[in-house]
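Participant: Build the full structure now, drawing on both the sequences and the hints.
Chains as they are written, first to last, in my numbering: chain H, 25 to 678; chain S, 0 to 208; chain X, 23 to 370.
These aren't lab readings, by the way, just hints derived from the structure by calculation.
A portion of the hints provided could be inaccurate.
Stated by the list, open to error - For lysine-lysine, the following DSS-like pairs were computed, each having C-alpha atoms within a straight-line distance of at most 30 Å: (1) LYS676(H) x LYS94(S); (2) LYS62(S) x LYS361(H); (3) LYS62(S) x LYS676(H); (4) LYS78(H) x LYS394(H).
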Amino acid sequence: MIQVQDLEPAPAPRPPGNAVPPTQADRDALEHTWRDPQGFVGWFSAINHKTISKRFLLTTFGFFVAGGLIAVAMRLQLMRPANGLIGPDLYNQLFSMHGTTMMFLFAVPVMQAISIYLIPLMVGARSVAFPRMNAYAYWVFLFGGLMLYAAFLLNIGPDAGWFSYVPLAGPEYAPGKRVDFWAQLVTFTELSALLEAIVIITTVFKLRAPGMALNRIPLFVWAMLVTAFMVLFAMPSVMLASTGLIMDRLVGTHFYNPAQNGDALLWQHLFWFFGHPEVYLIFIPGLGFLSAIIPTFARRPIFGYTAMVLSLIATAFLSFGLWVHHMFATNLPEVGKSFFTAASMLIAVPSAVQIFCWIATLWTGRLNLKLPMLFVLAFFFILVLGGLTGVILASVPLDLQVHDTYFVVAHLHYVLLGGAVFPLAGAVYYWYPKFTGRLMNERLGRWNFWLFFIGFNLAFFPMHLLGLKGMTRRVYTYPAEMGWGMLNFTATMGALLIGASVMLFAINLWRSRTRGQPAGPDPWGGGTLEWATASPPSAVNFEAIPVVYGRDPVWETADHPPSRPEAVAGLATTAREQLVTSVLDAQPDHRQQFPQPTPWPFISAGATSALFIGSIFTPWAVVWGAVPVAIALTIWFWPRHDETAVNVALEKSA
Amino acid sequence: MNRSRLGSPQAESLALDASGLPTHAFGHRNLMWWGTLGLIAIEGTIFALTVVSYFYLQVHAPKWPPNTPPPSLLWGTLNTAVLSASLWPNHLLKKAAEHGDLARIRRNFIACLAFSLVFLAIRVFEFRALNVRWDNDAYGSVVWLLLGLHTVHLITDTYDTAVLAVLMFKGPLESQRLVDVSENAMYWYFVVAAWLPIYAVLYLAPRSW
Amino acid sequence: MKGILRGAVRAVQPVFAGALIAAAFGLQAQPQDVLAPAGPQAAHIQSLWNLTVVVCSIVFAAVLGALVYVLWRRPRADISALPDLSVHMKPESAAMRSVGGAVVASVLLLLLLIVASVLTDRALAHLSLRDALHVQITANQWWWEARYDDEQASNVFTTANELHIPAGRPVIFSLRSNDVIHSFWVPNLHGKKDLIPGRTATLQLQADRPGVYRGQCAEFCGLQHSFMALRVVVESQAQYEPWAQGQRQPAPEPNDESKQRGRDLFLGTSCAMCHAIQGTDASARRGPDLTHLASRQTIAAGTLHNTPDNLARWIRNPQQFKPGANMPATNLSDDELKALVAYLVSLS
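Facilitator: Structure, rendered in structure tokens:
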């Protein structure tokens with residue numbers, strides 16, 4: 025009888041396991057085992073989650089700046105009536121690029137990027153699940169973004185908006201390749217986000233430290249888990265929609281062509297079924313940041329942990345039932361629209377629960393008003409205002425007046441910046457010392473904050489009034505007699521202040537790398553596991569995986585009785601081995617061997633990009649392009665003899 | 000330092016000793032299962048939304064199919080039988096992987112791949128039997144999309160299966176590869192199960208309009 | 023219940039109207055203004071707006087108030103302060119009651135707003151349609167065609183970009199598009215409705231206050247989305263009838279040589295390929311109907327005032343004012359252009 029052992033490679037010696045506490049030899053061996061490879065090829069082979077995350081964060085920040093510069097250009101054009109700075113063709117490309125950049129290339133990816141860094145640290149893992157797929161997802165994202173910007177710089181950037189409504193974006197009214205670049209960018213970014221979602225879910229469910237039951241994981245981890253599940257069900261919708269659009273434009277299908285039994289509204293349904301959850305994909309991680317920062321600076325655990333978790337889950341579910349509120353002005357049946365009004369208003373309830381719980385935490389805590397807290401306080405002002413204008417927009421009659429006006433532009437920026445970007449800035453100030461070992465400059469940070477807060481309100485508050493006074497969206501100019509000049513001018517001044525604030529932020533990020541005050545492992549006195557690692561963490565994160573007994577393990581270690589197990593011993597130090605635990609209670613289950621660094625995710629991403637970009641020009645690219653993709657993926661998967669030998673050695677019991 | 004074997008902590012132990020834990024596990028205990036489940040969720044959502052789009056377009060059309068007869072039943076029904084039958088060697092393959100029986104693994108891989116060749120060949124005839132081109136009207140577009148999406152899944156599933164089959168003949172093997180075989184079988188279940196509602200939509204729905 | 027709601031809304035309205043006008047930097051209500059209703063639909067929406075803004079302001083003030091209290095009264099601590107883990111032991115009932123109460127209050131306020139919204143929806147739909155005017159709007163890139171329907175075929179007429187409607191009489195707009203999605207929006211009168219190719223939508227409204235109002239396309243529709251405005255003149259029935267009667271007539275015959283030459287040029291060059299003039303052979307519908315061009319205050323969908331100079335400059339090179347518009351530049355000599363303009367100016 026043929027046995028599996030017959031195909032095993034020649035046996036290797038079994039690698040030793042770590043001690044508790046880990047010896048210096050353990051530390052050195054683990055650092056050597058988990059670190060990134062050196063050299064030119066090594067740079068493309070890196071799969072350490074912290075490395076990929078930093079590249080991802082830098083890239084998303086780059087896109088944020090690009091999207092912001094585009095916004096400044098738009099504001100300069102709108103600064104005064106009948107301005108001749110930018111004509112309609114360029115302006116249409118600008119607002120399309122601004123929306124597409126911020127929504128697809130910044131807001132969702134940055135949240136996934138930061139969680140790829142933090143989640144393993146917060147749950148006590150040595151890496152994310154599927155580290156090579158994690159790297160692949162980053163490269164696919166990067167290549168997609170580069171493709172889009174290359175098209176824009178060649179003056180063939182998309183010009184039908186980030187939402188690309190048909191028939192305007194269809195073959196008849198949007199000739200050329202512009203919209204195809206947009207549609208394919210969607211394919212790139214959604215593929216990346218979907219794969220990252222799988223990475224996040226698997227990491228959170230299976231790689232937690234022993235004792236970290238699901239009701240003990242940090243609320244930030246809950247937020248990212250919920251977000252990841254939403255991604256799985258929302259993003260396929262836009263992928264399907266954009267595939268239909270590319271097919272209509274490239275091979276003559278009629279999904280959206282009313283002349284041949286297609287329907288223009290099918291696009292809107294598919295797009296907004298994705299589009300509404302999309303904004304919660306951006307907002308919910310922001311909520312996670314708040315739940316991480318507030319307890320530390322209120323010197324107490326969060327109030328109402330269970331209610332907070334249920335609120336996150338309720339928000340996620342409800343967000344799938346709102347999409348028609350983007351379509352109130354169409355001729356859908358009125359009765360149906362009322363349902364979506366009710367749902368769109370009631371989703372405010374779980375968010376309200378969270379806000380009240382945070383206020384309760386602050387109310388019963390002792391406050392340490394450091395820089396991250398300033399951004400948190402800004403959330404309460406800006407997001408709450410944005411949420412309330414959302415309640416206004418939820419009502420069909422009110423929406424029919426302010427839909428597609430600057431009122432909505434104001435609303436969306438209040439909720440997205442208030443709910444996600446301000447908390448993200450706070451999160452950066454909070455975790456920068458963990459990532460780099462140094463604190464950011466407090467004074468520069470306060471200037472950054474106030475410029476941002478004042479600039480933001482100056483830029484976007486007047487837009488509520490502009491909408492009420494009749495200014496529609498997506499206009500490249502407006503007549504002087506409308507009386508919109510002063511409000512627009514004010515908004516532009518605000519935008520310039522925001523630009524200055526972002527510059528200060530960038531300067532602070534850059535200078536603090538070398539000049540920031542050294543931070544140590546726990547500069548803020550936080551309670552979650554990332555603060556138990558070095559700053560920055562070693563390549564392996566945890567030389568000995570901790571055993572956890574509560575929600576704030578770092579705070580709770582002071583009280584523990586000495587007789588309970590504190591950490592896990594026996595995991596290999598010269599091979600990449602992790603502990604896999606059970607989903608609900610994080611009971612240790614088995615050991616999993618993890619792969620070595622490899623350039624094949626990078627190469628596969630290149631092959632995938634060639635397939636995607638080629639298929640903008642010809643459908644046969646899907647067929648021919650599949651061959652290099654298949655080859656690259658096969659080589660990526662194919663086991664190495666030496667790695668297999670080590671893994672087989674680890675299979676034998678100690 | 001005091002070590003404690005997992006499952007029997009002693010009073011003065013300071014560490015849990017993981018060195019004796021197994022190195023692989025089947026089913027929901029392993030990471031690959033969750034990865035595969037994630038893919039199933041994604042692809043299932045795509046299929047579901049495409050089916051919803053089909054019915055959306057149908058509801059808005061005065062006549063369905065608008066311009067052509069419904070697809071002929073022969074090849075589609077035949078393929079449904081072939082796909083369903085392929086579940087049997089797939090099931091045996093999964094069991095063999097869980098028992099580590101390499102000979103049975105290899106035999107069932109060959110059987111599954113044989114089924115693949117047959118159902119891929121029949122699929123070509125199914126496209127012809129749709130009786131409509133993708134650029135004819137929205138009905139043509141959505142049926143080609145639905146059948147095409149499923150066909151892409153058949154092709155990738157066949158390719159994955161072939162790669163694993165070769166590995167089972169050539170090596171190098173470790174027990175984690177048996178888990179991969181088991182998860183690949185789970186994905187095969189999904190691709191066949193997803194076909195059943197798609198078959199109903201493509202072949203039966205236009206006849207019931 | 024409804025009465026109480028309406029009473030509350032009416033009581034709040036004057037306070038709010040005042041506050042909002044003050045908030046809008048003291049500017050006068052403009053002719054494209056959500057908060058300056060000239061008809062019952064826009065008025066219902068404004069009432070709902072007032073109620074909603076009051077409720078939202080109260081909630082905002084409460085949240086901010088709580089935060090201000092926290093910042094003002096709570097003790098400070100730094101990182102050396104030990105975190106308070108005792109909260110795991112005690113049930114924190116005071117906080118639970120406060121949070122619970124706040125949630126209940128929020129739910130009640132949201133239910134109030136949902137009810138108010140649904141009631142407003144119903145009020146909007148309750149428009150008596152007796153003796154309604156029927157206007158068929160067809161949107162194009164980037165202009166509006168309006169066909170005034172009538173049971174008597176001889177009373178049907180088509181115009182573009184400028185609508186006249188009688189005050190106090192309901193109007194039923196049926197809305198279609200010839201190309202991409204547009205949106206019909208006259209904020210002083212009602213909310214907007216999208217015009218979607220392949221579908222016909224309906225909008226029913228009534229204007230009560232005579233005046234000139236401006237509407238604008240509110241769905242991004244391409245290069246000249248910014249310049250697709252609509253002029254809506256609301257006048258008494260006594261003033262509307264003569265206007266409508268005038269629109270029903272064919273174009274006046276040219277009464278001098280210059281105008282005659284102008285008409286010949288119109289019919290002989292590319293103009294007639296897109297534009298119709300009733301009473302001549304020109305009947306194309308790719309551009310606005312020009313039969314009574316001179317009766318309109320603006321040209322190019324509200325882009326320019328309708329003066330002979332502007333008309334000449336527009337015809338010579340439309341791309342100068344609306345880059346991307348579907349109307350090409352015209353290659354006419356100065357004399358020819360003068361004659362053409364003279365003819366067009368006569369089309370009242």
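Participant: Does the alpha-carbon distance linking LYS62(S) and LYS361(H) stay inside the 30 Å limit?
Facilitator: 27 Å, holds
Participant: If you draw a straight line from the CA of LYS62(S) to the CA of LYS676(H), is it 30 Å or shorter?
Facilitator: 66 Å, violated
Participant: Hint check: LYS78(H) vs LYS394(H), CA-CA at most 30 Å. Holds or violated?
Facilitator: 24 Å, holds
Participant: Need the status of pair LYS676(H), LYS94(S): alpha-carbon distance at most 30 Å?
Facilitator: Roughly 23 Å separates the two Cα atoms, so the pair holds.
When each numbered hint is compared with the structure, a violation occurs for hint 3 only.
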